[in-house]
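Chain residues, written in single-letter form:
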Amino acid sequence: MTDRHQMWSDLGMDLETHDQLCAVLPTAYGDIYLAQQNRPENIAFYDFVVSDIHGIRPAELIELQEKGGKVFGTFCVYVPDEVVVATGGAITGLCGGSQFWVPEGEKKVPRDSCPLVKASMGAHFGKTCPYFSVADVYVGETTCDGKKKAYEILGADKETYIMDLPQMKREKDFVKWTEEIADFAQYVEEKTGVAITAENLGEAIKLINEKRKALARLNATRKSKDVVPISGKDALLVTQIAFFDDPARCAEMANKLAEECEQRVADGVSVFPAGTKRILITGTPMAIPNWKLHHIIETSGGAVVCEEMCTGTRYYENLVDESAETLQDQFAALAARYMKNNCACFTPNQARIDDIIRLAKEYDVDGVIDVNLKFCQLYNTEKPSVRAALEAEGIPCLSLETDYDDNDSGQLRTRVEAFLEMLD
Amino acid sequence: MAQNVFYMLFSTSTQAMKAFTELRSAGCRTRIAPAPRLDNVCCGTALLITEEDIEDVRATLSERPDIAYDRIIETEDITNIHRDRFC
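Respectively, the protein sequence lines represent chains A and B. If you count the first sequence from 1, position 23 lands on 23 in the working numbering, and the numbers rise without skipping. If you count the second sequence from 1, position 36 lands on 1036 in the working numbering, and the numbers rise without skipping.
What the hints contain is simulated information worked out from the structure, not anything from laboratory work. Where hints are given, some of them may not hold.
Listed next, the stretches of chain A that the computed footprint assigns to chain B, with coverage defined by at least 3 CB atoms under 8 angstroms from CB atoms of chain B [stated by the list, open to error]:
#1 31-38
#2 43-52
#3 186-195
#4 285-293
#5 404-413
If you're wondering where the values come from, they're calculated on a predicted model, not measured in any experiment. Note that beta-carbon positions come from the ideal geometry of N, C-alpha and C, so glycine has one too.
When you get a sec, could you build the whole thing from the sequences and use the hints?
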């Protein structure tokens, strides 16, 4: 087997503890992913990425750094990838999705912080994730309070740039976000030594749009009522990997998979039997390797056909206007696109509820599962509004709260099974 | 009674991907999987192959000297979709 220990050692990682994390993967991935039947052929690329998840891409990022490129680690879908890509740099998503990192994170932030924050902190301070170690700088943002405070702690240990995200969507907030993107561009120029021009930013906008189009094309195949060409777990994995893969390759591989899934729909090749209940999941993001709820649903008689979350529609819906010709207009176009994300950190946030209703209809779902990570007050507080809107539309809704721990799996499975039975 | 599964192990992930592509083209049933953790705890790519295809796999790769694999191992299939043990 490829021995990545030298690379991880060079990155300053804790090899012994990291080996414990690696040891869990084969069994978990076998149970959750490889046990699935009738998967698309082109999902093999994503199996390949996971099989060496802490080796292949980090090695590519190190190679980029050796050629003078910079790696920017990000935690949120509001940070515009295009600005970094314009300079030849790389973006790598850093949100932690594993319980493995939580105990280390709890040494730095209160235990009643959300697991995503705790895991991200644990991955950094425990030195057990090469993506954190390889990043030249982190880019945070003022979304939730938990992340804002966590960035202060991270920033004391590694250079961390913060983007001040507005919390409302008035005209002046769009102006403010445009200015924040312009400031970020200046910072990226200083870090990389590469000038951002209308030309290279325009190319980057097109590239990231192509990635979004490919992911949207793939997910559109899940709208077919009678045929589910790809499982929710596999679709989630594709999105999760998109956060750190090379964007051009991401678009290429997603398009290949989409083409196959389109053919599967035409041929009536489904992963699930006819009549399997179609579920939309909405709520907090599911950072890799958080596959818990999807797995429970899809081994309890349901099929996840849409994710209204940051690791879902918010990541690939809406394109950046490519017609702008000046940097200022491009920054405004970027701001306009990114402000279309409807995170619960905004108020009011009716647009998220409108998205859920729209997507529930587009994907012809039988029910919605609204889930938030424990201690995420923002999404938890929106639950009654989400439920009321769905009830008004006659769409059944199950509200859940969970974390990365295995301990509540039995309880979750019981509740999901009861919900699916109720949909009959 | 638990069945056994067969892993093909490689020295690099690149070799594993090459072998996968070649074997799929030849009609062999194979899937990419994280390599099972043996004495050498290390992330890595392996191929899952079926017992019936082992001879075909060997014959196919014998015609591709540029694709090297370490060995084929047999291990108990411990897959359990209701284990609910996540990463």
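Okay, the hints, checked on the actual structure:
1. With 4 residues having a beta carbon nearer than 8 angstroms to a beta carbon of chain B, the stretch 31-38 of chain A meets the requirement of three or more and the stated coverage holds.
2. Restraint check on the stretch 43-52 of chain A versus chain B: 6 residues with Cβ-Cβ distances below 8 angstroms, three needed, restraint holds.
3. For the stretch 186-195 of chain A, the assignment as covered by chain B is violated, since 0 residues bring a beta-carbon within under 8 angstroms of that chain's beta-carbons and 3 are needed.
4. A stretch counts as covered by a chain when three or more of its residues have a beta carbon under 8 angstroms from one of that chain; for the stretch 285-293 of chain A and chain B the count is 4, and the coverage holds.
5. Counting residues of the stretch 404-413 of chain A whose beta carbon lies closer than 8 angstroms to any beta carbon of chain B gives 5, which reaches the threshold of three, so the coverage claim holds.
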